[in-house]
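With the hints as a guide, dock the two chains, each given alone in a separate frame, to form the complex.
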Amino acid sequence: MSGSGDYSSEMFRNPLDDAAIEAFFTGQPADAELAPLAGFVKDLRSVANGPVPVPSMQLSKMLAEGFSTANGDLLVTAASNVTGPAPQAAGLPKWRKKKMIITELLAGLSVAAKAGFGITAAAAAVTAGGAAGVLPGPAQHGVAVTVEAVTPFSFPDKANAKADFGGRVSTDATDGGVDGGTVSAEAKLNAEAKLNAEAQLNAEAQLNAELNRPADPGQNGLDQANTTPAAGHAPTAVPSGQRATVGSQSTAGLTTAASTPAAAHVPTAVPAGPPASTPPAGAGTQSTAGLSTAVDTPAADRPPAAVPPARPGRR
Amino acid sequence: MGTVVNGRGRRVGEPVGAPFDDVLAAAQAGAGWAAERIWASLAPTVAGYLRSQGAAEPDDLTSEVFLSVFRSLGLFSGGEEQFRSWVFTIAHRRLVDARRAAVRRPQPAWGMEPADSRPGPSAEHDALQRMSAERVRDLCDRLVPDQRDVLLLRLVGGLTVQDVAAALGKTEGAVKALQRRALIALRKIVDREGVPL
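Read top to bottom, the protein sequences are chains C and R. The first sequence begins at 1 in my numbering and counts up one residue at a time. The second sequence begins at 316 in my numbering and counts up one residue at a time.
Mixed in with the good hints, there may be bad ones.
Unchecked claim - The list that follows gives simulated cross-link-like pairs (lysine-lysine, DSSO-like), each with its CA atoms no further than 27 Å apart: (1) C/K114 / C/K99; (2) C/K97 / C/K114; (3) R/K503 / R/K491; (4) R/K503 / C/K98; (5) C/K42 / R/K491; (6) C/K114 / C/K94.
Said to hold, decoys possible - To give an idea of the chain R side of the interface with chain C (calculated C-beta under 8 Å), a few residues: (7) W401; (8) R450; (9) L454; (10) V471; (11) R495; (12) V505.
No lab work stands behind these hints, which were simulated from the structure alone. Where a beta carbon is used, it is the ideal one built from N, C-alpha and C, also for glycine.
Bound-form chain R, shown alone (with noise of 0.2 Å):
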């Protein structure tokens, strides 16, 4: 399973395969099939920013953002590009919502996880992955959570300023000045702490 890149350079996940209008238009009239596909081509992605994000149980979380989805389809008109970002602001308000549930419900389990806990082709490659994983958490978690979100969205939802500041409620001057700041501040770890890898 591999990602694509549009025309303008964006990540898009894995294609849907028939025509988007179609499989949205059946999703939205109730056929599993393609509410299947919308998940397997989605949900990876929604799973990675999740963890990215330092969700606790990113795959639980994952299918909650979808049961989301499929239940308001019927609210969304659109092509594929502004069904992606639907779909990942109603990701990023599960997020929150997990977020101020462990305020309320301390839960000691909260970090990031290897994208794929199960078993690698080698010992190896599971303990680069985990080291990865690792160091990008480490990142991630000592920029602000604005600028954490708005570079996340950006990098793995691969969202658009407009996008983002949808999803975040932000104006786009925000979210470029957030953008940069967060390039800065991760630039600035990195030539002071010379980050091992």
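Bound conformation, chain C alone (with noise of 0.2 Å):
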């Protein structure tokens, strides 16, 4: 215990160095300037080096047992557990299993291991960034250019597109300018192909139009009769169309009627039409005309002495 004196009011008077403090902990001779402090070490050391405690009454059977497992002593089984916790009984969600494996494995890994594992990551990364083509340009031409000379697979890069015209500029600038002729052919050409393009999409565009238009309606006209009941009685050929008048299809009609099956009973002559400069005849006239028409047919004998007036409301 210490004196009254052992605690000194004076200030410090020079900072402390290491070794003065590293001596003063060790209970060496202390340095003038901690020596006001001896009497607090002093104190603290017999106020803190007592007599042997009394252990707990746990403690006191582990000491006179000791760790025997004959008796089934708990801190027996605590002991034998200083490897580690035993596993939870309810487990653990499997996030955190996941998550706990993914770390054990890291945390057994080598730092190089570790180096390698994340320079492995991050290079898989880009790699598939750049197959997707999804990299900022500069970055996808380097992996582009990176992994077509080391792999027989080719990226997109978008910088070689701009490459030749990087290039160019380049040369340009290096060899007096550039130069405006050059650049108005190469504008004069880019054009003239371009139209070229489009007339050619034009004429694809209409040949397909006209492939897939109709076919000739006598044709049609002849298949889709061959389909009726009385497909052994149709004509066998549409003779050529002619563009023509009003009589000379008359005609034609009647040629072609009488290469039919039903050549007994088509009309010998058809009445010529009005001109083509006639009005419309009206009704009357047509009338009449059929009247007349009727009498050259085989029915002529029944033909209706007169015809009916028309009806309202119909033409």
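So this is what it looks like as structure tokens:
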């Protein structure tokens, strides 16, 4: 126990250095600056350094019986588990288990292995991004160049499309400037190529439209006639079409009809139609012409005596 | 029962007696006598450290510390000084746990008790010891907690800067700075107040 003069009232004169502090803590003769604290240290050790404390009941039992496993001491069980806690009965959530597995896996790797793992993951990510073509321009170009150099694969590279332009600009800049004539010629060639391409596309579109148009109506008519119950009486051919007048069409129709199985009932002549310049005939005129035509038919003996008046509301 | 100072000037408490390696091996094998030897060697210092830190029940806390020590004894490997540092690391952590528990369940009796509450050789001796304990407690309480931890682990536990850094989870530089500030703070208090003894 220290006396009343142990704690000095003098202030520090010099800053403490590490050697003086270490000497103070290891019990060696203290530096003059720390000497006033010697009494405090002595009291502290006196207070702290007491007799052996009284152990608790649990500890007393352990000290008396030791760590024997024969009597099933709980402490023995605890001591046997010092390598780690027992697994939890309820288990951990799946995400926590996965996280622990990854953490333990990484923790077991050396620093070099961790670095290699990280670099590999980063390279894989960059390569995948390069394959997808989603990297920024310079990065995409770098990845594409690297991959194409070491593998037979080719990656999308937007920079290649502009590389020639860049090289040309560089050349122009170093060989005396831009050649205006060359630029103009190239522009003209590009414009012509564009026009030619458009014309070719239009021609192809028109040709496709022609091919998709329905075939000769006459041929279609014959085809459809053969599908009807009167297929056996359908004409086998259609005379070549003539873009002609009404009269010639009628004559052609008679000729065609004469070649059909019903040739015996074909009228021998067709009355001439009104001239093209004549205005459309009225109902009476047409009716009269119809009667005249009917007289020339095999049913000439049963023509109506008169044409009934047209019913109202009907043309 | 006295303390001894090793070749480096460190207080190491009561010597184990037999070669430390033999005692440790026997304790790790579960021998009660070896555990008893370790307890007798280190328990007084550990209790003193806990008492200096103001633990409410330093003896009970010391028992808990050594229960933890013996339960995890199989994990330890090293010499006697490393073992001492390891024990004080456990003691400090149990102290922190006890403080946290006390914050959750405030206890009125929180302070430094004399090292030995049993009757001393004389009433005067008991009185002086009680005064010393109160004075030391007052000075320690006026230090920043980190400074107090470093100071007590070094002075009472006898740990090196490296050991203290490992026990507190700090760098050696931080420990050196803390112990320097602690000494300067103590010196200022003593100079200013002229603590009567």
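How the hints compare with the structure:
no., hint, result
1, C/K114 / C/K99, "holds (16 Å)"
2, C/K97 / C/K114, "holds (21 Å)"
3, R/K503 / R/K491, "holds (18 Å)"
4, R/K503 / C/K98, "violated (56 Å)"
5, C/K42 / R/K491, "holds (22 Å)"
6, C/K114 / C/K94, "holds (24 Å)"
7, W401, "violated (13 Å)"
8, R450, "holds (6 Å)"
9, L454, "holds (6 Å)"
10, V471, "holds (4 Å)"
11, R495, "holds (6 Å)"
12, V505, "holds (4 Å)"
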